[in-house]
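**Student:** Those protein sequence lines, which keep their order, are chains Y and U.
For reference, each letter of the first sequence is one residue, going 1 to 305 in our numbering.
For reference, each letter of the second sequence is one residue, going 1 to 664 in our numbering.
Keep in mind that a hint or two might mislead.
[Unchecked claim] Within a straight-line C-alpha distance of at most 20 Å, the following computed SDA-like cross-link-like pairs (lysine to any residue) qualify:
1) U:Lys270 with U:Ile282
2) Y:Lys50 with U:Lys544
3) U:Lys551 with Y:Ile48
4) U:Lys165 with U:Leu209
5) Y:Lys56 with U:Cys560
6) U:Lys544 with Y:Phe44
7) Y:Lys56 with U:Met569
8) U:Lys270 with U:Leu209
9) U:Lys551 with Y:Gly85
10) Y:Lys63 with U:Ala535
11) U:Lys544 with Y:Met277
12) U:Lys549 with Y:Ser55
I should point out that these hints are in silico values taken from the structure, not numbers from a laboratory.
This one's a predicted model, so the numbers in the text were calculated from it and none came from an experiment.
Spelled out, the chains give:
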Amino acid sequence: MIMKLLNFIILLFVPFIMMGLIKKTKSFWGGRKGPSIWQPLHDFVRLIKKDFVISKTTSVVFKIAPVFAIATVLFASLFVPLASGSALINVEAGIIIFAYTLGLGKFMSLISAMDTGSSFEGMGASREACFTSIVEPAFFILVASIMALTGNYTFDSLTQIMSNAGSYGVLIAFFAVVVLFIMVLTEGSRVPVDDPATHLELTMIHEVMILDNSGSDLAIYTWANGIKMLLISSLIANIIIPSGLSDWMSVLCYLLIMCLISIIIGTVESGMARIRMSHVFEFIFIMSSLALVVLSLVVARMFGG
Amino acid sequence: MNSYFIGIITLVLSGFIAGTFGKKLKTFVLTLLTTIGSVLCLIPALKVLAHWGSENLVKTFNLNNLFGAVNFVIDPLAAFFILVITVMSLVSVIYSNGYLKPYLESKNINSHLVFLPVLIASMLAVVTCQNALMFLICWEIMSLSSFFLVIFESGKKDVLKAGIKYLVFMHISVLFIIIAFAIIAIKAGSFDFAVLKTVLENNLSYANLVFLLAFVGFGTKAGFVPFHNWLPDAHPAAPSHVSAIMSGVMIKTGIYGILRMLWMVGTPSKLISYTVLIISVISALYGVLYAITQHDLKRLLAYHSIENIGIIGIGIGVGMLGLAYTNPLVALVGFGGGILHILNHSIFKELLFLSAGSVYIKTHTRNVEVLGGLIKSMPATAILFLIGSVAICGLPPFNGFISEFLIYFGMFKGLAIHNFAAVIVLLFAIAGLALVGTMAILCFTKAFSIIFLGMPRSESAQNVTEDCGKSMILPMSFLALLTLLIGIYPQYVFWHIKKVVFAIIPQTTMNVCAVCYEPMRLMQTIAVFAVALVAFITFMIILKLKLTKGKIALHETWGCGYNRGNNHMQYTASSYASPFLSMLKPLFKKVFDIEKPKKLFPKSAHFSLHIEDIEEAYLINPMLKFDEWFLSKFEALQSGNIQSYIKYGLIFLVIVMIGSLFIG
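Please take these sequences and the hints and turn them into a complete structure.
**Tutor:** Given below as structure tokens:
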């Protein structure tokens, strides 16, 4: 029970720490002192208190979309194993409920961006929809391959790669982690796919979609996006954390991995520029091809003798 | 069972009776009679669905020597289709009360009112008739009556062209069905399905060939790629309520045919199962891909029909794999998902077609590029279209999610079939279905936001002042309610779908009952989840609207400091789809129509982009060209001279006589 409560607290608050840590890493590489790790949380609290300015063009869709954004990530989190133990609702093919619930949130945020009638936001929505359509199939191939390998159709199969794949285990786990990391970058709208810190609307994807959101709406969107990033990172953590640890140890490992992922994201952002928009596809296709590598490894393991 | 035939006869006559009434009463009388007829047909179907076991209703007519005994049977499979046909058609007919108002002066209105119920009656006959010859006759009546419904606005050249294309495709398809039936009927010496079933079950070599032929024939009706080409032309040409019936119900009779063949074959071979699965995945991808390219709302929806037929096919394919590898759980879940998707698709596709019709009635255009901002003038239609869009994308908590989940679940469970081909095909099918889902999201966010959100892009969208009448909103609301109900209470629906699956699967070879528990439990989990999601979102929305009241300041949309943005600066449907389409360039044939600005003071310039169906551009059009060229060689024969025609006849007779000498 305590573990479940702890999972819930981690789900709600660790995203802020991750965002803060990314900023801190970036300032470290930039030679600056940078804002405190708690700054995103302060920003959240400050934004929540504020009033709104919304566009005259918008309709009811724009007003209700943030609710969908936060509700869908929270409900999707029920199906993902977090810091310790299995997912809260650990059913077979839970990945589908997870992905499609997130899809509902994406649908609403896309039409909410289009609701403003702004061409910037239309551009962002169009790109976001496009990139999602490449990311999802790769994600499904990856998870389905691992499920085929382990014969376990819940998300728990991620923790069983090593015990089932024998000598292929390390390779499969490595590629799976890379695929999921690219997914974190894409879905969390980080460099090199998207640059959340830029000031040029033309080059943004996710940030430009919420250009017209203000006050608590903006806060909720940022938070929901952070939680989404955390959920996908949790899948990475589940692959890496060795099974058989005690609960508290696995929570510790989990938090460490989250920090590590944030630091890597921050380092990647400092180390490389955002890819030109027309080449982002190629970057995301790396994910698809690596997912296919996992698939072939799994098939080789299953039928290669 | 008698009430069923009374119902069909009522339906057939209702159009003729309604035609005799005055202008104002016509559609009302038709609705009344169709309701009576549909309810009469629905009662025996519900009886069958509500009972367990093999309590099929049978009525036998002994016709002449040619037909033999003609059995009309309502088994669970037929009962399920009767349910879909009657309910969905009835909703469309009620909707047509409002939709047909502007057309009551049209000269075709009487024939339209006659053929509409005849189409419903013929579909009802098709799904119950178990005599091959009678089946084909009903099938033909169905095709012809729908042809006349398509060419309602026969004054327009496009409509006529689409109608004739439809007619040609339907007759090619019926040819394959005739051959398939003929092959087994010769072998069996009877037209009765039950006899054909015993023959097919015992001759597996025949079964493959017959199933494949029937698949081509029925698949053309259903719209599987590459036999889909009639669909995107015929649906936009027809009036909206007819498109709704055609897309929601009529193309499903093709699926019915495939399922009926499957029932006859029993256990399909592995090769056939893979073929069905792969063709279905391709259909789904192809349909949604071309849907993204479309700017004509009804054409877009028509392509989505191809996509959804593909998804249904994936379910059936997975079920067939389960049968072929004797894995009862995979068979149950695959077929269950496919069959449930038939029902689901008919609900949300009809909802979408009907709301598209409402938009068309108010704006007189189907081109989404000139619409926009309609959510302010037509709020009810907008919300209904939104519900339909979310449902068709397969997102929770609506019904599309349930069937797609079952199909996915079947595919995941199928991975346990420890076979190289099965694992590879299923993994790619899973990825394919995921891609279809995300592409559908892209397509429907595009369609919904360009039509209903933002600012009006033209006068036709600006001039809309009010939503459509109750006679159109109410049937649509009913459908929207159904999508939500199935979404939050799936276990009840699945419980009944199971009986339909049992009717198809040969009970002797596998014990399906034993594996029912697992999907049922999952359905219950999803039900709890969906209810919680709906409750949470509703609560939060109410809370949010309450809390933020009076805290909102209105301002212009942020335009980078530029405050004179106008309607034409908004993102368009083409630009929304453009990044995705540019990625998949080789799969389209783009036709540009460009007039560049010339000289110092350009007077006119325009640019338009039209994307052609690759199959039409590279396969069908060259074939037609070849036909034209080839047949033009025989033009000389057609002299217009009666003497030479008599001469041809004479030559033909002589050839026949000589030929018969040799053969006899």
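**Student:** Against each hint, give a clear statement of whether it holds in the structure.
**Tutor:** Each hint tested on the structure:
Taking the CA atoms of Lys270 (chain U) and Ile282 (chain U), the gap is near 18 Å; set against the 20 Å cutoff, the hint holds. With a C-alpha separation of about 14 Å, the suggested pair Lys50 (chain Y) and Lys544 (chain U) falls inside the 20 Å cut-off, and the hint holds. Restraint check for Lys551 (chain U) and Ile48 (chain Y): the C-alpha separation of about 12 Å stays at or below 20 Å, so the hint holds. The straight-line distance between the Cα atoms of Lys165 (chain U) and Leu209 (chain U) is roughly 27 Å, outside the 20 Å bound, and the hint therefore fails.
Only pairs whose Cα atoms come within 20 Å are accepted, and Lys56 (chain Y) paired with Cys560 (chain U) is accepted, the gap being roughly 16 Å. Of the supplied pair hints, the one linking Lys544 (chain U) and Phe44 (chain Y) holds, its CA atoms being roughly 17 Å apart against a limit of 20 Å. With a C-alpha separation of about 16 Å, the suggested pair Lys56 (chain Y) and Met569 (chain U) falls inside the 20 Å cut-off, and the hint holds. Of the supplied pair hints, the one linking Lys270 (chain U) and Leu209 (chain U) holds, its CA atoms being roughly 13 Å apart against a limit of 20 Å.
A C-alpha spacing of about 43 Å is found between Lys551 (chain U) and Gly85 (chain Y), which places the hinted pair above 20 Å, so the restraint is violated. Restraint check: the Cα-Cα separation between Lys63 (chain Y) and Ala535 (chain U) comes to about 18 Å, which is no more than 20 Å; the hinted pair holds. Taking the CA atoms of Lys544 (chain U) and Met277 (chain Y), the gap is near 36 Å; set against the 20 Å cutoff, the hint is violated. Among the hinted pairs, Lys549 (chain U) with Ser55 (chain Y) is consistent with the structure: their alpha-carbon atoms are about 16 Å apart, no more than 20 Å.
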